[in-house]
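> Chains as they are written, first to last, in my numbering: chain L, 1 to 295; chain V, 1 to 346; chain A, 1 to 246.
Note that these hints are calculated values from the structure, not bench results.
Every residue, glycine too, gets a C-beta built ideally from N, C-alpha and C.
Incorrect hints may have been included.
Said to hold, decoys possible - Derived Cβ-Cβ restraints for the label pairs, each shown as a range:
| hint | chain 1 | residue 1 | chain 2 | residue 2 | range |
| --- | --- | --- | --- | --- | --- |
| 1 | A | T135 | V | I305 | 18 to 28 Å |
| 2 | L | V145 | V | P101 | 53 to 63 Å |
| 3 | V | L183 | A | S137 | 50 to 60 Å |
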Amino acid sequence: MLFQQLINGLTIGTAYALVTIGFTMIYGVLELTNFAHSSYYMLGAYLCVSFMNLIGLDVLGFLLGTIGAILVCGTISALTDKLALGVIRKRGGAAISALLCTIGIQTVINNAIILGYGSETRQFINVFNLGRFKIGPATVSWMQVIIATVAILIMLLLTFIIRRTKFGAGMRAISQNQRAAQMMGVKVNKIIQWTFFISASVSALSGVLIGMYYRTLEVNMATVVGSKAFAAALLGGIGELPGAVIGGFVIGVLESFVAGYVSSGYRDAIAFAVLIVVLVVRPQGILGKKIHHKV
Amino acid sequence: MKKLFSKSIKRIIEKWAVNEWKVAFSCLIIALALPIVLNTRYLLSVMTICCVNSILAVSLNMLTGYLGITSLGHAAFYGLGAYTAAILGTRFELNIIVTLPAGMIIAGIAAFLLGLAAIRAPSRHLAIITLGFCEIVKIVELNWFSFTGGANGIHSVPRISLLGWDLSGKYAKYYLALFLLILTISTISLIMHSKIGRAIYSIRDNEIAAESMGVNVFSYKLFVFTFSAMFAGLAGAFYAHHFSYVSPLSFTFEQSIVLLSMVILGGIGSMPGTIIGAIILSLLPELLRDFTTWRQVIYGAIIVILMVARPSGMLGKYNFKHIRQQVKYSKLLTKNENKPLEKMTG
Amino acid sequence: MPLLEVSDLRVNYGAITAVQGIDLFVEKGEIVTLLGANGAGKSSTLSAIVNLVKPSSGKIMFDGQDITWKPTANIVEAGISQAMEGRQIFPRMTTLENLHMGGYISTKEEIEVGIERAYELFPILKERSKQMAGTLSGGEQQMLSIARALINNPKLLLLDEPSLGLAPMIIQDVFNAIVSIRDEFDTSILLVEQNARVALAISSRGYVMEKGKIVIASTAEKLLNDEKVIHAYLGGESKALREELT
Ligand SMILES: Nc1ncnc2c1ncn2[C@@H]1O[C@H](COP(=O)(O)OP(=O)(O)OP(=O)(O)O)[C@@H](O)[C@H]1O
Ligand SMILES: [Mg+2]
Chain L
1 MLFQQLINGL TIGTAYALVT IGFTMIYGVL ELTNFAHSSY YMLGAYLCVS
51 FMNLIGLDVL GFLLGTIGAI LVCGTISALT DKLALGVIRK RGGAAISALL
101 CTIGIQTVIN NAIILGYGSE TRQFINVFNL GRFKIGPATV SWMQVIIATV
151 AILIMLLLTF IIRRTKFGAG MRAISQNQRA AQMMGVKVNK IIQWTFFISA
201 SVSALSGVLI GMYYRTLEVN MATVVGSKAF AAALLGGIGE LPGAVIGGFV
251 IGVLESFVAG YVSSGYRDAI AFAVLIVVLV VRPQGILGKK IHHKV
Chain V
1 MKKLFSKSIK RIIEKWAVNE WKVAFSCLII ALALPIVLNT RYLLSVMTIC
51 CVNSILAVSL NMLTGYLGIT SLGHAAFYGL GAYTAAILGT RFELNIIVTL
101 PAGMIIAGIA AFLLGLAAIR APSRHLAIIT LGFCEIVKIV ELNWFSFTGG
151 ANGIHSVPRI SLLGWDLSGK YAKYYLALFL LILTISTISL IMHSKIGRAI
201 YSIRDNEIAA ESMGVNVFSY KLFVFTFSAM FAGLAGAFYA HHFSYVSPLS
251 FTFEQSIVLL SMVILGGIGS MPGTIIGAII LSLLPELLRD FTTWRQVIYG
301 AIIVILMVAR PSGMLGKYNF KHIRQQVKYS KLLTKNENKP LEKMTG
Chain A
1 MPLLEVSDLR VNYGAITAVQ GIDLFVEKGE IVTLLGANGA GKSSTLSAIV
51 NLVKPSSGKI MFDGQDITWK PTANIVEAGI SQAMEGRQIF PRMTTLENLH
101 MGGYISTKEE IEVGIERAYE LFPILKERSK QMAGTLSGGE QQMLSIARAL
151 INNPKLLLLD EPSLGLAPMI IQDVFNAIVS IRDEFDTSIL LVEQNARVAL
201 AISSRGYVME KGKIVIASTA EKLLNDEKVI HAYLGGESKA LREELT
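Looking at chain L on its own, in the form it has when it is part of the complex (with noise of 0.2 Å):
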């Protein structure tokens, strides 16, 4: 039971980990909370659904759904950035006018979502059918060997591409202080709008993996799982990969041990209750680090 609750809350949290790095990604490149994160992951199962029953509802079908999904949710965020946010910030507009902006963008996807597909709950056949096996008490699916292996390639990429690529120093240096940065030559809005696509690339891509893990897609799944996602950034230590990935585990592994201990209804309660504390006991996060500013 202990055991069973743990895995099962393990493959939660791989999902929110997921959400939770390409948000954090985004704060800390700019110090924007993107309200319109979670609606990519909403927006790419849904997409890779209708991608899958136009070309085949088999394995190709759905890794070419999943390629066109991250690739669309992928151009919308860019584009987002492109055409508004970037252009609050190049009018000097305050962080919280972006953050507005990020919520005006959310509700149009998640709505639009709702126009297209309609509200009710909808299917999301898997394709890959391959059972379950047993580790002792547990039983765990191969779909969640799946989730945990696609988890972990993402992250070891993403931590790749932020420390040992030029892109990657770009962004950290976008990060720590932008106009220097324009000033090594760095091109600060194209590093930007690529890192909204790849922030919601990850997304989409967490989207379609717990939406075939639940074999069903629900309008209200982006809400769910983007506060956690926001908890989960901020419980590790916002802009901080690993911290993000711990975030998401320990969100994650907490809501199953409390809906299968306490209760399912006060599930979310306690999980945030917790947040709360631990923000006000430890406010640098689980894995941040105290940052000392030189006045």
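Here the structure of chain L is known, so what remains is to put chains V and A with the ligands in place on it, guided by the hints.
For chains V and A with the ligands alone, coordinates are given in the frame of chain L:
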């Protein structure tokens, strides 16, 4: 063309800034007289909602605009006020003389306790802490069935009456809401124009500097957080009587976001801006009623377009006090153009 | 043709006009000083040259190209580098990583060479190479900022108050470094300085800015003997003032 447009806007804003009191007074007269024209039940109800939302936005603006703390949980205090009034009204048949202050007090106590624990946290954490608090309150409202009615909410909250008078008519409700709004605006304005107000601004502008000048940052933050929540509780208590029905779904984190949008859209830190933002975002859903399905999409798109067009909100860039000084200064200059400088200063 | 030629440059911040139509030029291999009181518009001029602040009008020619309103990244690629006012280093990167950022547009080999030269100019940076830049002392940060601007081997270096906040002994080091940058790397330099005497001593020409306008343009030698300049920027009492006082 564009220049001409921005010039005329500038002139209007200048006029407005110079005659701020007159403008405010005229607005009040209009608000008082409006029911003569807009006299259907529907229109009056929309206007009442505008007042309620304005109370919420103005109080949130005190926290977010004046003090600089972004709250995503204002709806929680709104909901606490509403549930307090609904429970007191249905179980003990108390009227608004008791329920409105009670709503304020309960919301205030909740904010005080939350603030006591968390207000020291950095501002980006407060956003999620208030969000989390809002979710917790909603979940409790949903699950504590015996007390809150769960998802069904609480029905038949008593109609508004005061000292035996029935104030539940469409006109009476509007004027009561307007009165509460004016009460909120004047209380907050009074505070912001006092010494306390200056301390609050100094915290927003530079917390460390304020602290080093002897401003007790923690107490002021706690005070503003509590105070702003109390007015949200007031709005909630009125809301419960107005609709005679409360449900947890009215006080979600999404509602907090709508409230925050009102503040930002109008121009963060500007009282008239906040009210304009509140009125626009209260009317917009009504205006878009005919587009049922497209409504939310258009709503979102309008927010995006407005923010791109005016990144500081509609009035956010204008500091009326500043403008007044500038106008005064330029008038002095033109008057004394030919006189030597000594005469002007001495 | 001069390396850099700025004509009728204007910079506005909303309603404030910071630079109101200035002309200046820098020849190849020259060090030119830009003097002026606080708020005169010196930093705004430098920022406008690289389009960190968008000029509202004017023309900027560099190395035969019109670079007005070009993206900053392209201007940097064309060969202008700037050490900005107030040591704009990357605080959460090490000294070495900061230097690498300086070579963002350069190849690996160029960066290696550039870092070697930077260490020669400022040996202390080599000792601090693994330290987080945010924890360096003010003077060390200033040196890092100058060194970083040199990594991509610019044709023109803009220096905004390089001696700000440095101890007198180190100021001399920095100015020696500036001269050797010009001599060894053939880099032209446009220098904004409050330390007018030292700056003019290593410059061939200078400009004096007042309230967004250039009021004097002359050789360094003449400026060093100019009544107004002495009075306002060299901290000395001019003859006229002395007579007035007595
Ligand atoms: N970002 C900005 N927004 C608004 N006004 C600005 C901005 N930057 C500079 N200014 C104004 O422009 C004018 C020129 O500023 P600038 O920084 O160019 O002066 P400076 O000559 O470099 O002064 P200092 O010697 O103090 O560095 C000043 O009046 C300043 O207040
Ligand atoms: Mg300057």
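> Give a verdict on every hint.
Structure-based check of each hint:
Distance hint check for T135 (chain A) and I305 (chain V): the Cβ-Cβ separation is about 45 Å, which falls outside the suggested range of 18 to 28 Å. Between V145 (chain L) and P101 (chain V) the beta carbon distance is about 59 Å. The supplied range of 53 to 63 Å therefore holds. Remark: the range hint 50 to 60 Å for L183 (chain V) to S137 (chain A) is upheld by a beta-carbon distance near 56 Å.
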